[in-house]
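Residue numbers (UniProt numbering), protein chains in the order written: chain A, 1 to 312; chain B, 1 to 538.
Simulated from the structure, these hints should not be mistaken for lab results.
Quick reminder that beta carbons are idealized off the backbone N, C-alpha and C, glycines included.
Distance windows between CB atoms, simulated:
#, chain 1, residue 1, chain 2, residue 2, range
1, B, Ala183, A, Gly244, 58 to 64 Å
2, B, Ala371, A, Val143, 54 to 60 Å
3, A, Glu170, B, Gly262, 19 to 25 Å
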Amino acid sequence: MLGYLVRRLLGMVPVLFGTTFLIFAAVYALPGDPLAALAGEKQNLSPAVRAELTQRYHLDASLPAQYWHYLSGLFHGDFGEDLRGIDVADQIARAWPITVVLALTAWTIMAVAGIGLGMLAARRPGGIGDRLVLGITTLALGVPFFVLAYVLKIALGLELGWFPTSGVREGWPSSYLLPAACLAAFGVPELARLTRAGILENRYAEFVDTAIARGLSPTRIAVRHVLRASLIPVVSVLGLSLGGMLGGVVLIEGIFSIPGLGYTMFNAIDQQNGPVIVGIGSLLVLVFLAINLLVDLTYGVLDPRVSLERRG
Amino acid sequence: MTSQDGTFRRSWRQRTAVFAGLAVAASGLAGCGFSSRAVVPGAVVVAIYESEVTDVLPGMSQGSDLDYALFTPLTRYDPRARKLTDEVAQSITTEDQQHWRIRIKRGWTFHDGSPVTARSFADSWNTTADPANVMTNNAEMSVFAGYAEMNPPDGEKKGRQPVTALSGVHVVDDYALDVTLSAPNRLLPYQLSSTAFAPITPAAAADPKKFATRPVGNGPFRAANGGWELGEQDIALERYPGYAGRPAGLANVDLRVYQSAGTLFTDFQADQIDVAFLDGDEFSVAADEEPGDLVDAALPSLVYLGFPLYDKRFANAGIRRAISLAIDRKSIVDGLLEGDGSVADGLGPAMLAGAEKVRCPCGYDPGAARAALRAAGGWQGELVLQTYAGPETERVLQAIANQLHDNLGIDARIETVPISQLYEGLDSHSAKGPFMLYSGAAYPHVYAQVKALLSKDGELNMTTFADPEFQHDLAAAGAAGTDARAGTLAAQAASVGLGKIPLTPLYYPKAGILHESGITGVVPELLGAPNLASLRKP
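Work the whole structure out from these sequences, hints included.
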């Protein structure tokens, strides 16, 4: 187990550097002058200030040289500062908790709604519940989640006034529920269908018959045997979708003006603020890798047949 | 199926039913009657459309409503009355338009109680002019003598001791400044009305970064709690009791930051905001739907079509004239802008002092356009028109391309790119064809627009237009003995410049302030946003 963990952690290092470099190169390759983006519509940045900024942030250096400057900062735990002279680590530190709360709320909604709807559908295959769930999930799959976000924002926020339409000033949960639900929507259909398929497959499995024959209580059979066995593919989807959500937050936080990492990233892309894009991008990659590792470790706990020792 | 088996399957159903019910409730998310108001109870919520408020020191200010709430400059311009008045200044006088004496009123204080003196202004201007502080308003300080020495070209920097003060700014005593300009400029008092020239405390001059979001200004409002955290979406302002000018009408204002105009408008409709400044498409929608009261706010700006004069295809003025004559500005303004613009007849709307004297040759005459094109030898090949990405700019430029096709038979197409990319092309003289741009006046006199757009070293001159006759007339305007004379001579210079058609004015963008009917005193600042100090809530 420990050996597996160490090998996986070591394997993450080149992936992390590789993706960081890719993001860095992509920002470098963006057409347009970041200083012009900084000056905005006014475009009155003086030549002396331009020269000073160019020199300070090595804007005239080659891609490898710029990347090296960035990396050497990172080695010292320094994310650097952006073109406005603002510390990138500070920006990440203040945005991070908001995104974590949003993502975890969305994730919880997704897990409860996805597994719950899957169970509902599995109750009576072909019944009303099953068809209803099939209908809902088909609809949810067909509508992109950002379209859903705009529609729900107008319907539930503006027209009905149930939720704030922007920001997080109401705190958790009221400010987070609506954006989190929109973010969750993209994962629910897959989860519900997987759960349904898993339960239907396991309900009549031999090990369930054995459990019944042993006289175990129905609750114990439902939870410990059927559900647990059905959750193995669900866990991997849940884990990976938490990673996928990190991409979704950029859009959802933009739509709902939630000042988390996505919103900061949204602004940074708009302003061609390279250091912030690379900083947040790399961090999201790191989180994604960590979640993947966690998912793999969870397999071993859920399914005794999976041995991590033999996988290395 | 055994009976126990049956019991299990039934009870399984019951259990899943409970869980599924919970899940449906969770996915349905029953809410509970929501209403949101200001962070500070009783404060009026004003929306500010900016991605982030990162630095409000005068050197970084943009003339926003927040900037004018926190800082009061030497003079103030009222865009409605078109009148300039002294604010912190007691008097601003000159004999030769190049050497000025500025006297300052006693009794003005910063939000920390310390006095505003002549030194406070000198400190501010020196801080902004120092390139080491990399402030966006650095270029505005070029009006003062000594700016060039502080900001030498790259090649001349080596081995020189950096100069850290403007030689043209001299503190006479606590309440008087002597200022020498880099060139005569009759309109200095107008220029000084910008928050870029507002005063700062000695501590802010010593460490400007520290005061970026913890401002100590001299304006009608001060930042509650001393400032705000970077990225915060609400900026709480409270009336400054020691303000020496006309006190603010509201005790508390909650400025809410929006990065998207769409979200801002939705929030206004959802009754989350009391006052909002809108432009572009959102302004058109607001004007249509009128969810509250709307106050028109003219903007001191112009949208124009510029010609890359370094491109041989546009060397012939006849070609440029033909294109200008073939554009039906009125149909664009009426049909596409839906009230958020007016047809340009000069270089800026009437709210700018002196603007009424400047007139452009901007008529629409397809017949004359065709004749001009024929006389100039016609047009071969494709014509690419460029502008920056945005729903409104794209619509307008597409309409122009269609008109050029219909009226002149030119195969015109449009290309939109991010603003930074567009300016990179313009700066490196590689525009693919005529470009549509926005130009805002740096200060509330049309002279600012004339100089920025048409003079050889104008900061917004993207056409590379350079004309000795124009330069001569413009210099005469700067050296004029009175404001009125300066306006007349600026108009004369503009007439010379515009007559050669380096660019053709299209329209003046308009904006509006949307507000709840309970709010009074809604008056736009120079850049259209509401004057926060004049807002009242009876």
